[in-house]
Amino acid sequence: MDLITPEYGLFVWQVVVMIILIFLLTKFAWKPVMKAVGEREASINDALVSAEKAKEEMANLKADNEKLLQQARAERDEMLKEAQQMKKTIIEEATEDANEKAERILDKAQITIESEKKQALAEIKSQVAELSVQIAETVVKKQLDNKDEQMTLVNKMLDDVKLN
Amino acid sequence: MHEIFELILSQQFMATHKSSKITVALMLMLILNSFSAFAQLDTEEVIDDSFNPTEMIMHHISDSHGWHFLGEGEESVTLPLPVILWTDKGLTSFMSSEFHHDVEGEYVVESNGQKFVNYHEKIYVLNEGEEALEFDEETHAALNANRPFDISITKNVASMLITAILLVLMFLGLAKHYKKSKAAPKGFKNILETLVIFVRDEIAIPQIGEKKYLKFMPFLLTVFFFIWLSNLLGLLPGAANVTGNISVTIALGLFTLVLILVNANKDYWQHVFWMPGIPTPVKPILAVVEILGVFTKPIALMIRLFANITAGHIIILSLIGLIFILETAGVAAISVPFALFITVLELLVAFLQAFIFTMLSALFIGMAVQEHEHH
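These protein sequences, in sequence, are chains A and B. This note's numbering numbers the first residue of the first sequence as 115 and each following residue consecutively. This note's numbering numbers the first residue of the second sequence as 9 and each following residue consecutively.
Think of the hints as simulated: they come from the structure by calculation, not from any bench. Fair warning: there could be bad hints in the mix.
Claimed, not checked - Only pairs whose alpha carbons sit at most 30 Å apart, straight line, appear in this in silico DSS-like list of lysine-lysine: (1) A/Lys149 / B/Lys219; (2) A/Lys149 / A/Lys167; (3) A/Lys141 / B/Lys223; (4) B/Lys184 / A/Lys141; (5) A/Lys181 / A/Lys169.
What the hints assert, rightly or not - For the chain B half of the interface with chain A, some residues (derived, Cβ under 10 Å), not all of them: (6) Met66; (7) Phe143; (8) Phe157; (9) Leu175.
Virtual Cβ for every residue (Gly too), placed ideally from N, Cα, C.
Input sequences plus hints: build the corresponding full structure.
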């Protein structure tokens, strides 16, 4: 029966020891330990989350880079195409322009030539007329002298004209 | 006795938990309990003049005023411990060695004008004018003496204090580590930290819940480590049987009871006194059962711990005692390996009982603070 008869002294001691132990350990051990463990767990979780985030960001960055590269490539192609186009149009335009200018110059030249020709013809005509008048004058002056002489004169004059 | 324990245990378990871990624990306990019943029967039947196994076993598992290591009588090696008594004439104290190893009430110690004797590790103060203790074996009562309030540092108290000091040293060391670095500690401290996390994640949070567990962590941690370390130290040769003492387990069970009573919410009391959702005539009947249940829970806790630890000690002592009962050294070939096996098993039981006590305390507290969903 001794085995299951409680001893008050031991009971009191156990209660006292337990209360002191709970108080001491709570204040100096459980609280700091629990806090440190909790903080460590939180920091590990944070680290994991941020690692995951970094990974995601990395992937995003990579995708962004890829996209940028593709865009750049597309832009370059576009630019090349545009340049080609521009070159073509510039050449075309230049050719057209040159043609136009050449044509205009030719036209102008034609017109000038025409007017020069007309002028020259008019001058010739007037000279011919003058010459004719001179010839006629001379002929008239020597007309009556000799028939033969007249003829020679005319021929001579005509030769002169030819020489002119 | 053990059948009653088992009944309480099994009912408790059926009602509260179905986890496989618990089932294993229960089976182990039942095995151990039946072992101890068998052992006790065995030892009681054998009566030998030269060797009394019951006395030997009782001596080993009971508390005493001195810490006996080896030898017998005057030649024994015993660490004297202070005897502190609260008598009618006030507080008095002397060392246990003053009894000169006498536990038959023959050696009288005088202190503070009073005469004291140690009768089977119970201190009696002799009535005024008496010179020797007269004891009635039939009624187990002293005829001319009474028992003072004995708050001696007995073997169990000393062991308890050693456990407490060890715990404080161990965990203050662990706490100190965190002041230096935030990293996980190494070696022994890492084991301690793992166990702290074990109590938190496997006991407190699942049983009490994420919201309220923190408040009960100090008690659960303290009780877990105290019981475990006491159990382990109790397995050492010559050590005290602290957790196998009913006074100790009563105190521990009382802590759980007080925590339940103080922290129980309205829902809990309603479920105790006026269970909702059942026909009104049944309610008073159930209230009686539930009120009983409030007290049987911690009682089951205290008996379980006491019975398991004591039973383990009794088995080991019985197996060793077998050698002396049969007076053949040959028996040692069987009983020593068997005792060794039981000792190793006790290492497991030491943890298991600490775990179960803490686990069930957490479970009962969890039940008391749980927010019920109203249906």
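Status of the hints after comparison with the structure:
Between A/Lys149 and B/Lys219 the CA atoms are separated by roughly 16 Å; this keeps the pair inside 30 Å, and the hint holds. A distance of roughly 26 Å separates the Cα atoms of A/Lys149 and A/Lys167; the hinted pair therefore holds under the 30 Å criterion. Restraint check: the Cα-Cα separation between A/Lys141 and B/Lys223 comes to about 13 Å, which is no more than 30 Å; the hinted pair holds. A threshold of 30 Å between alpha carbons decides the hint, and for B/Lys184 with A/Lys141 the separation of about 13 Å falls inside it, so the pair holds.
For the suggested pair A/Lys181 and A/Lys169, the alpha carbons sit about 18 Å apart, so the restraint of at most 30 Å is met. The beta carbon of B/Met66 is positioned within 10 Å of a beta carbon in chain A (closest approach about 7 Å), and the interface hint is therefore held. Restraint check, B/Phe143 versus chain A: the minimum CB separation of about 14 Å is more than 10 Å; hint violated. For the restraint placing B/Phe157 at the interface with chain A, the shortest Cβ-Cβ distance is roughly 6 Å, inside the 10 Å limit, so the hint holds.
Given the 10 Å rule on beta carbons, the hint for B/Leu175 holds: about 7 Å separates it from the nearest Cβ of chain A.
Hint 7 from the earlier list is the only one contradicted by this structure; the remaining hints agree with it.
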